[in-house]
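Colleague: I would like the entire structure built from these sequences, with the hints used as guidance.
In order, the protein sequences belong to chains A and B.
Here the working numbering is used: the first sequence runs in plain steps of one and ends on residue 131.
Here the working numbering is used: the second sequence runs in plain steps of one and ends on residue 618.
In short, the hints are calculated from the structure, not lab data.
Be aware that a few hints might be false.
To be verified - Calculated cross-link-like contacts (lysine-lysine; reagent style DSS-like; alpha-carbon spacing at most 30 angstroms):
(1) A:Lys-14 / B:Lys-280
(2) A:Lys-84 / B:Lys-524
(3) B:Lys-457 / B:Lys-402
(4) B:Lys-402 / A:Lys-84
(5) A:Lys-97 / B:Lys-457
(6) B:Lys-524 / A:Lys-117
(7) B:Lys-457 / A:Lys-123
(8) A:Lys-101 / B:Lys-402
(9) A:Lys-117 / B:Lys-421
(10) A:Lys-97 / B:Lys-397
(11) A:Lys-119 / B:Lys-402
(12) B:Lys-411 / A:Lys-32
(13) A:Lys-119 / B:Lys-411
As the list claims (entries may be wrong) - Across the chosen pairs, the derived CB separations fall in these ranges:
(14) B:Lys-457 / A:Pro-63: 50 to 56 angstroms
(15) B:Asn-614 / A:Pro-63: 29 to 35 angstroms
(16) B:Ala-432 / A:Glu-26: 23 to 29 angstroms
(17) B:Asp-373 / A:Pro-94: 32 to 38 angstroms
(18) B:Asn-380 / A:Lys-81: 43 to 49 angstroms
(19) A:Pro-63 / B:Lys-381: 25 to 31 angstroms
(20) B:Glu-474 / A:Asp-49: 35 to 41 angstroms
(21) B:Thr-528 / A:Pro-63: 53 to 59 angstroms
(22) B:Phe-608 / A:Glu-98: 35 to 41 angstroms
(23) A:Pro-63 / B:Ser-422: 36 to 42 angstroms
Virtual Cβ for every residue (Gly too), placed ideally from N, Cα, C.
One letter stands for each residue in the lines below.
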Amino acid sequence: MLEQPKILIIDDDKDDQSFLSDVIAELYPAFKCNLASNGQEALEYIAADPPPPDLIFLDLNMPVLNGFEFLRDYKNIYDLKKSKVIIYSTSSNPRDKEVTKNLGAADYITKMADYDKLKTRLKQVVHEYCQ
Amino acid sequence: MSPAKTSRINITYISFLASAVVIVVLTFLSFQLFNKQKSATDLVTHTFLVKLKIEEVVSILKEAESGQRGYLLTDDTAFLQPYKNAEDKFNRGISELHTLVSDNAEQVENIDEFKRLGDSRFTFLKGGLDLTGNKTKDGLIPILTNGRKTMIDIRNHMQLIADNEDKYLNERVKNKLQADKWTSVYILVFSMISFAVLLFSFFRLRNENIKRTEAEINTEILEKKITERTAEIAAINKQLTDQNYLLENKNEELNSFTFIASHDLKEPLRKIEMFTSRIKQTEAEHFSPKSKEYFAGILNASSRMQNLIEAVLSYAQTNTSTHHFKQTDLNETLRHATETLNESIINCGAVINASNLPKLYAVPEQVEQLFTNLISNALKYSKPDTPPVITIKAEKTYDKPHEGHTNNALWKIIFTDNGIGFDDKYKDKIFEIFQRLHGKTEYEGTGVGLAICKKIVENHNGSISAISIQGKGSSFFIILPENYHSK
Chain A
1 MLEQPKILII DDDKDDQSFL SDVIAELYPA FKCNLASNGQ EALEYIAADP PPPDLIFLDL
61 NMPVLNGFEF LRDYKNIYDL KKSKVIIYST SSNPRDKEVT KNLGAADYIT KMADYDKLKT
121 RLKQVVHEYC Q
Chain B
132 MSPAKTSRIN ITYISFLASA VVIVVLTFLS FQLFNKQKSA TDLVTHTFLV KLKIEEVVSI
192 LKEAESGQRG YLLTDDTAFL QPYKNAEDKF NRGISELHTL VSDNAEQVEN IDEFKRLGDS
252 RFTFLKGGLD LTGNKTKDGL IPILTNGRKT MIDIRNHMQL IADNEDKYLN ERVKNKLQAD
312 KWTSVYILVF SMISFAVLLF SFFRLRNENI KRTEAEINTE ILEKKITERT AEIAAINKQL
372 TDQNYLLENK NEELNSFTFI ASHDLKEPLR KIEMFTSRIK QTEAEHFSPK SKEYFAGILN
432 ASSRMQNLIE AVLSYAQTNT STHHFKQTDL NETLRHATET LNESIINCGA VINASNLPKL
492 YAVPEQVEQL FTNLISNALK YSKPDTPPVI TIKAEKTYDK PHEGHTNNAL WKIIFTDNGI
552 GFDDKYKDKI FEIFQRLHGK TEYEGTGVGL AICKKIVENH NGSISAISIQ GKGSSFFIIL
612 PENYHSK
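Modeller: Laid out in structure tokens, this is it:
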């Protein structure tokens, strides 16, 4: 497991940002967690602060540059094998899952209503992608 | 062909035939009249010819006589020139006269008499010339006197022949003219008939033309009306199509509205639940007993709201436009439904008895949801002390052909349970959305399950109904076409 993985949460919803960052802070206090509120902001941050994050949590429905557009642009510049993108969205539409998978997303978390369940799901993801 | 039209054509033929007959008769009569007139003219010519010929013959005799007299007076033989050929000329003239009057016995006799007189005249002329050797006044006088007498007889006879000819001419022309008078009458009568037929035909054609024009005008009016009516129908059709389009649009809008609304409603609710679960985790120990009770109330209410929104979303998503029809084995569908409900089935110790189910042309996911909802309903509304027994049967039936059915084979699928049942007066109400017959605490549920069932069945051009005896159980009847193809 990586010593100090660099995490980026891209979501325009402050509440969802904080749910996720709270879970990460609670489970993995050593992780470096950064926030961006849309795809454009995220690209600018990543360019300004290399190396790229080890794990990106990406919302789909966002202003300026949405999750799909971010993923399309991001995979052209960075290596998705080293920098994994996990979709973090309210949508449970199978089509969104398929499209993002084809665009190179590593996994898909549907935003949930229970903090404990979120915790469990996050443990799974970190275990799988932060080796 | 209509009788009126037949009679019109008959009259046209008759008019034509009458005209033709009249023309033929008129032509014949005119020809006859012309012929008669020609023969009358021939007769006149004939008479004149006879008269002319007689006069010619008489003048031969006169010339011979005057030649003889000149010679007797002068002894100049040059005067004898007309006399020399006179007898031959006379005979030729008589022969021609014979030919001319050969059809008239009386005139032939008269000509013969005329010839005899002429011959006798020539005898006197010869007698006069024979005396030339010894010319004496006494010898000549009786010859000349007899010759003059004969000449007078000849003139008289010539007059008789001429008069006879005139008499015949008059008789014949009179006869002809009598006949001609009738011919003229016939021609007049036939001309009048011809004129009448012409007039009749003219008026008939004129009337026909007027009628035809009227008919044409009527046809034009009718055509105009048909065009107008067609345009009206087209306009109404267009209006209907437009309205249908609007309605479909509205329906779609409503569906997407329901979907978006419930989807967006889910978001804040999810956060409420997330925040409350956070509070419960971090702050629960500081709660007073009352606060704990209220907090449990909040959690319960948000959970219920979550279920309701999920149900509405599911209802909104139950439309055919996003689903595909295919051959579906209902036994397989039932197996999937029971797998989904496996936990509840085991928990209530339910028994499901299903007979062999058919294969239908349907949307598999929707039929699965239909089965799941019906079984789940039976499990939910079972009697507390009796394990649920659910029987599923299928019967093939037929319907009269109507629109939407290519094959009118239908399947009736019956779900019967031994649950608490319901009052029969609610048998329609139970299929309406958000309709509940029991208190929320008594039996949990959203009131959407059977509404979704109804929508699914209607999507498949089928129907659903229920009968129930309170305290004994219910039966749900689903009728689905074997081969329904949505548009």
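Colleague: Indicate, hint by hint, whether the structure satisfies it.
Modeller: Here's how the hints hold up against the structure:
| no. | hint | result |
| --- | --- | --- |
| 1 | A:Lys-14 / B:Lys-280 | 176 angstroms, violated |
| 2 | A:Lys-84 / B:Lys-524 | 52 angstroms, violated |
| 3 | B:Lys-457 / B:Lys-402 | 40 angstroms, violated |
| 4 | B:Lys-402 / A:Lys-84 | 26 angstroms, holds |
| 5 | A:Lys-97 / B:Lys-457 | 25 angstroms, holds |
| 6 | B:Lys-524 / A:Lys-117 | 41 angstroms, violated |
| 7 | B:Lys-457 / A:Lys-123 | 41 angstroms, violated |
| 8 | A:Lys-101 / B:Lys-402 | 26 angstroms, holds |
| 9 | A:Lys-117 / B:Lys-421 | 27 angstroms, holds |
| 10 | A:Lys-97 / B:Lys-397 | 19 angstroms, holds |
| 11 | A:Lys-119 / B:Lys-402 | 15 angstroms, holds |
| 12 | B:Lys-411 / A:Lys-32 | 27 angstroms, holds |
| 13 | A:Lys-119 / B:Lys-411 | 15 angstroms, holds |
| 14 | B:Lys-457 / A:Pro-63: 50 to 56 angstroms | 40 angstroms, violated |
| 15 | B:Asn-614 / A:Pro-63: 29 to 35 angstroms | 49 angstroms, violated |
| 16 | B:Ala-432 / A:Glu-26: 23 to 29 angstroms | 27 angstroms, holds |
| 17 | B:Asp-373 / A:Pro-94: 32 to 38 angstroms | 36 angstroms, holds |
| 18 | B:Asn-380 / A:Lys-81: 43 to 49 angstroms | 47 angstroms, holds |
| 19 | A:Pro-63 / B:Lys-381: 25 to 31 angstroms | 30 angstroms, holds |
| 20 | B:Glu-474 / A:Asp-49: 35 to 41 angstroms | 49 angstroms, violated |
| 21 | B:Thr-528 / A:Pro-63: 53 to 59 angstroms | 57 angstroms, holds |
| 22 | B:Phe-608 / A:Glu-98: 35 to 41 angstroms | 39 angstroms, holds |
| 23 | A:Pro-63 / B:Ser-422: 36 to 42 angstroms | 39 angstroms, holds |
In this structure, the hints that do not hold are numbers 1, 2, 3, 6, 7, 14, 15, 20, in rising order.
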